[in-house]
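Residue numbers (my numbering), protein chains in the order written: chain A, 1 to 348; chain B, 1001 to 1242; chain C, 2001 to 2375; chain D, 3001 to 3304; chain E, 4001 to 4251.
Please keep in mind that the hints were generated in silico from the structure rather than gathered at the bench. By construction, the Cβ of each residue, glycine as well, lies at the ideal position given by its N, Cα and C atoms. Among these hints, one or two may not hold up.
[Stated by the list, open to error] Some but not every residue of chain A turned toward chain D, in silico, with C-beta under 7 Å:
(1) D101
(2) F145
(3) I146
(4) G299
(5) I303
(6) G334
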Amino acid sequence: MMKSDAVFHFWFPVLAIVVPLAVIVALTDQFGGLSLQRTVIEMLISIVIVVGLYIFVGNSGIISFGHATFMAIAAYASAWQTCCEMLKPITMSGLPPFLRDQSIPLLPSALVSILLAGGAAFLTGLVLMRLTGLAASISTLAVLFILNVVYSNWDSVTMGSASIVGLPTYVTAWLAFGCALLAIVVAWLYQTSAFGLAIRATREDEVAAAASGISLYWSRLIAFTLSGFVVGLGGVLQAHFLGTVSINNFFLSFTFLALAMLIVGGMGSLAGAVAGVVVVTTIVDLFRRLEAGISVGGGQWSIPAGTQELIIAAFMLLILIFRKNGIMAGREIGLPQHTHREKGLVHG
Amino acid sequence: MLEIRGVSAGYGRLEALKSVDLTVAKGEVVFVVGPNGAGKSTLLKTVSGLMAPSAGTIAFNGETIAGEPPERLCCRGLALVPEGRSIFRTLTVEENLSVAAMIRSDRDAAAADRERVLDLFPILRSRYHGVAGHLSGGEQQQLAIARAILQRPLMMMIDEPSLGLAPLVIDQVYESLRQLNADGLTLLVVEQSTARILDLASRIYVLRNGHVALEGAACDLADGHALEEAYFGYGAGRAAQA
Amino acid sequence: EDPIKIGFAIAESGWLSNYDSAPFKAAVMKIEEINKAGGLLGRQIEYSVMDTKTEQARAATVGAQLVDGGVDMLVVSCDYDFGAPSALAAKQAGKIAFSLCAADPKMGVQGVGPLAFTANSAAQSEGIAIAEYAQKKMNLKTVYVLEDLLIEYNKSACAGFRAGWAAGGGEESILGNDTFKNDDPSIASQITRLKGLATQPDAVFICSVTPGGASAVRQLRAAGIDLPILASTAMVDNYWLNAVPGLKDFYLPAFMSLYGDDPRPEMNAFLESHKARYGEPPVSSYSVLGYSLIEQWAYAVEQAKTTESEAVVAVMNGFKDQPFTAGPTSFTDQLHIQVDRPWLIMKVENDSFRAVEVYRNSFKPDMKLLFRVGQ
Amino acid sequence: MANIVQVLVDAIALGSLYALVALAIGLVFGVMRLINFAQADYITIGAYALVVPTASVTPPLLLGALPAALMIGGVLLVVVVLALATERVAFRPLRNSNPSTLLISSFAVSYFLQNLVMLVHTGRPKSVGIGQGLASAVEIAGVRIPGVQLLTMVVAAGLLVALVLFLKKTPLGIQMRAAAENFQMARLLGMPANRVIALAFAISGLLGGAVSLLLTIQTGTLDLRMGLMPVVYAFFATVIGGMGSLPGAALGGFLVGVASVLLQTYLPPDLRPFRDAGVFTLVILILLVRPQGLIVTSAAKERV
Amino acid sequence: MSRSSKERLEARGVAVAFGGIRALSGVDLSLKRGEILGLIGPNGAGKTTMVNVLSGFQRPTSGAIRLDDIDVSRLSARKIAQAGVARSFQAARLFRAMTVEQNLSVAAIGAGLARRPARERALGILDWMGLAGKADLRCDSLSYGDERRVSIARALALEPSFALLDEPASGMNDAECEALMELIARLPERFGCGVLLIEHNMKVIMGVCERIHVLDGGQSLAEGSPADIQMNPVVRRAYLGEKASDRTLAI
Ligand SMILES: Nc1ncnc2c1ncn2[C@@H]1O[C@H](COP(=O)(O)OP(=O)(O)OP(=O)(O)O)[C@@H](O)[C@H]1O
Ligand SMILES: Nc1ncnc2c1ncn2[C@@H]1O[C@H](COP(=O)(O)OP(=O)(O)OP(=O)(O)O)[C@@H](O)[C@H]1O
Ligand SMILES: [Mg+2]
Ligand SMILES: [Mg+2]
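Throw the hints in and build the complete structure from the sequences for me.
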């Protein structure tokens, strides 16, 4: 096999995800309306977040409810650094002076925020990754609640449960795309690395992995930290897309939605993570438009307000029932002959 | 008692059984042997109702049963000891046995049967209140067989009874199968190795790649050559014609 | 001539829709009245509505879409958190954003920006008003404060209450503070603490909203605590009174009475026209704020003779006790929220709210209190 | 002294409520590896069944207008039917799926039900005044016990004992545990396994209905999210108590309830808003010390 | 523990009790590098428990495990694996959603290799075992026999000093057993490791073991050469059965 051929093979699953995304971004950027463009940006940010979530959840098989925590940490950190110079001394009087009285340029502040999210994930993981299975999941849920309680009542720094409003909104479609690309590449490099292989083994069988000399703790801690960084990036993007940061946006419903996207797509593969986001976003947007009303043959037609949520819930259930392992069923998009072999049709 | 005609079954696109014919008469002990992946377990799963056949008919005691749910078949007197034991790991040994006896209405006889299997497998008595999941591999296998005996079926299907059993215990199991058969139980047994089966079997089927490669009375196959040929496929063509 | 366009970026679904819908209907009513009377600056007013679905991201998107569609003014959700994203979109296009009933001063100059207004009073003002009323008119000397941590509105109302009470009766007359969460199934330990006080207070102030507030009142009464209960405006509606049949001695400040006993004739007139237009009284007294919102803006436009934001804002910033249906209204170039508009004090009697009297607070919250700095 | 006793009573009362919910969560988890978030909506819908389904904020009573026995029966029936319906429609087809898929499917069911209630009743909280008499407190030796809390304690303790006996001693209970563990094998042994599993859901519905009533009597209010926090607490309770152990679930429920009340009571005022952070930290600490939970049944320990 | 090859793996007076059940009581067992030791005994004799103890999955209630005279009883399963003791399981326990090559690579990574060298080692072992063609198959599509072979291969990918194999031949037919015997017999020479082999299939045990240790009821019953064990009346009574030699044991 030629070298470049091997490289192409290695990167093909990533290309198969990224190229269609790029096409979507280019098309909507050129031809889409405001609402569609914003939906696409939201989708790309969700990809960053869900891919970040996937790095841990998908590879380790442990559901984490705690990742919104790291997003919140990054988003708030970014808000403290970049938001509303005039308002900060009043509403966030508890901030240390170097933050309270000045703004920090966007790029360094984003990097610092992401580092903070990753660091928080590392520290959390240091404690929690001794746990496995359900205990680990529940403890991440506890972390989510703890952060929520702390941030919604630490009034002088976080403005409590009120939104911090007025962050610079610099997130464009192409920036979001670039970040999604980065997240996907990071996830791919990780999952194909030795660390990725090791943690996938622990997902399949913890006992056999231990017998193979794999440390459950360290492999999970690495994944947890890395995914903390990536969702931190997602948090920063979301903050600077909406222009507002609110702790309530990083709580249960958000967590459930992100997990739902991951699992609908199939949590066992990177392609699944992305597919889940794309499919769920599309369905939501479609029914949102139907609810707002479309013109059919001259007349206005719409579904009753509030039915959108019902339909989306039913839709997700149907996907889960008919594709138990999600849309991609844990597989990456490989080159044709590759998928053939992987499916194991050639029987021994 | 059991009549299987042209039954096919599979997993998704993979067809594991291809038009299999097989009959078991009342009181017979029929063995099914064959290499890994031949479809032996699939055959038992299909008969017991765990899988629906994609074609063909299955009749038990003269009534067609294809497509009936396993709980109904169980009530008709068909028991299966599936591959991989399938004991209830979180239940105690006692509860595992109780569950099997629950469908029986003859309580006294069930209690007597329970004593009988505990005598047959004394290790189960000593682990009676222990959790079944903690048993050793062979002990679990014994529990699975004991449970099927307790069901007091008309016909018992066992998938690889000797799996994980010590040689001595295999002897006991085969001995008790012989006794049960003598008491009127019909048996359909899947085995991996042909070494032990000849003196218990009434008839033997060799399954290969989802086909019946050879079928015959045990005494006809006693020299073992035809059996081995069919088994390993040296003369697959010839055997199929036979 | 081209019509004037008003956009509504409000919640038509999700929990916030319950708060947005009543003032929205009243706002529409006012627009219709203006149109019937010949329009504004001789132009008819057109309005369009888009649903934020009670999501911040949606709120930002529909705000941008409405502004993109060329509205002259954007009406945004009742709540600061969900109104602000739309208001920011308006700000970027240089348009006025007017919140139906945000009670947070950040929906204004220091938060969203100089083009943002809200039709409501600051939550602190409610707390101050009921505190002063209780001291001066009800002659209560000591109080115990129960704070629901669910939303900032509660915290602000409590902050206002404490400041107002301390101003009149001294810090020490607040015998204690306790907190609870709106969704706590039980406040038994809070009750135990209250009952364990060395001296029982003269009243309890609860800054909360339904359902948690209603549940707290029920549990207080069930525990045999018959003290007067003071509360904030959000608890004004009758519907939760089922939870505490026979409730007595319950007071709060409100915008207006929906039951025809408001001492102010303009409120009753509003009530009548609402019944005429929709066949029923408003479901919530917040309704009048939406009506008054359009009234205030239209008045400013008329004065400015243009819909240009800067000119209109200049007029509005000059309002000083300008009489509108909702009450005297003041804005300055620093404050785009009311801090001492008179309140209608109401109490519960025969399982319904009854108007008592109109009360205007004398203690005005300063900026520190409004933004709860150092609280 | 009386004060400490009072605090303990408060704590145990809240703990019992969480224990009741935890029993339901634990039971269904036991049979299906499903952490059923829709339990929250069973509770909510049971409570909403008390009033006529309408958008009005002051709806007339429906089941709530019936005499007590009928009302209780009616609410329990509604929730049991609901639980069975969700089992049949959503969870049965997903049997054998991995726990994460099941969990997400229960989110979907929950989301569906919540929005259904919202569509019918609107999102505005409502109120019902049932059980006013029960809600008021009795004083025993200076200790105040609201009737409904006493009832909660009794019901929780009674149901715990009943359920444990049912699962350990009755044939149906043993069958349920068997079917929970190995569905196919249970069928092979002649059990109507689908019905047996559905029974577990019916019981969880029964528990849900009981919680609906107790909660409504306590708070007098109906809200879309009224079931959520109890279920979240129960969720923690089941795990720290030891998954698969009903006494563990109940114990966990007590612990979170007690911790919550004690923190509320003894934290200094400035820290009281952070009460729940304390409770959840405690959850994490317990898990770190006992990852399998407080009560580990020997069956839960898997051998290699 | 460092990874240099060890010469001897020993159990000294190992006892394991589960509540009242004494799965092992005071068993001594020693495995040298390069030898194949059979471990047989009736069901429930404690064989799997012994492997669990040796591989760190079960703390002994008393007694010690020594690797070249270093006490490793307190080490975790992972550390012991890294120190050179590999095991297979009674059920294959493969990483089912991964390919065969990845299964082996995981063990190589566990032994400290990077991704690329791990793959090379994995492919080398697969090649040696005649499984090269299956390197890229997912394990959930393997036949039963291949599954068992891969699980052995995975243990070997640790390049262990000692390989503990728990009933590798169960569920295999006669021909497959024979292939497996051949494979096991070649392990010491190829990997330089000692092999502890648990089997109920006497053909396999008698065919490849140099020494056999018999457990019964958690206690050592006998140890010796295959011929000795076969003729040992105690072993025959407890385990093999009286009819044993005429059928199963034919070598
Ligand atoms: N659950 C399954 N999904 C997909 N394919 C399966 C499944 N179970 C068995 N197969 C395939 O069906 C074929 C027949 O399998 P079956 O288990 O019936 O064989 P068998 O004769 O019992 O083999 P063994 O001796 O290994 O038990 C094999 O190719 C096997 O890989
Ligand atoms: N975790 C446990 N709890 C209780 N008893 C146990 C546990 N693990 C093993 N045992 C008991 O210890 C004994 C030894 O079990 P072990 O699995 O070592 O036997 P074995 O020799 O491997 O048997 P087999 O040949 O059947 O696999 C068995 O009787 C078993 O019931
Ligand atoms: Mg088989
Ligand atoms: Mg064993």
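Quick check: which numbered hints come out false for this structure? 1, 4, 5 and 6
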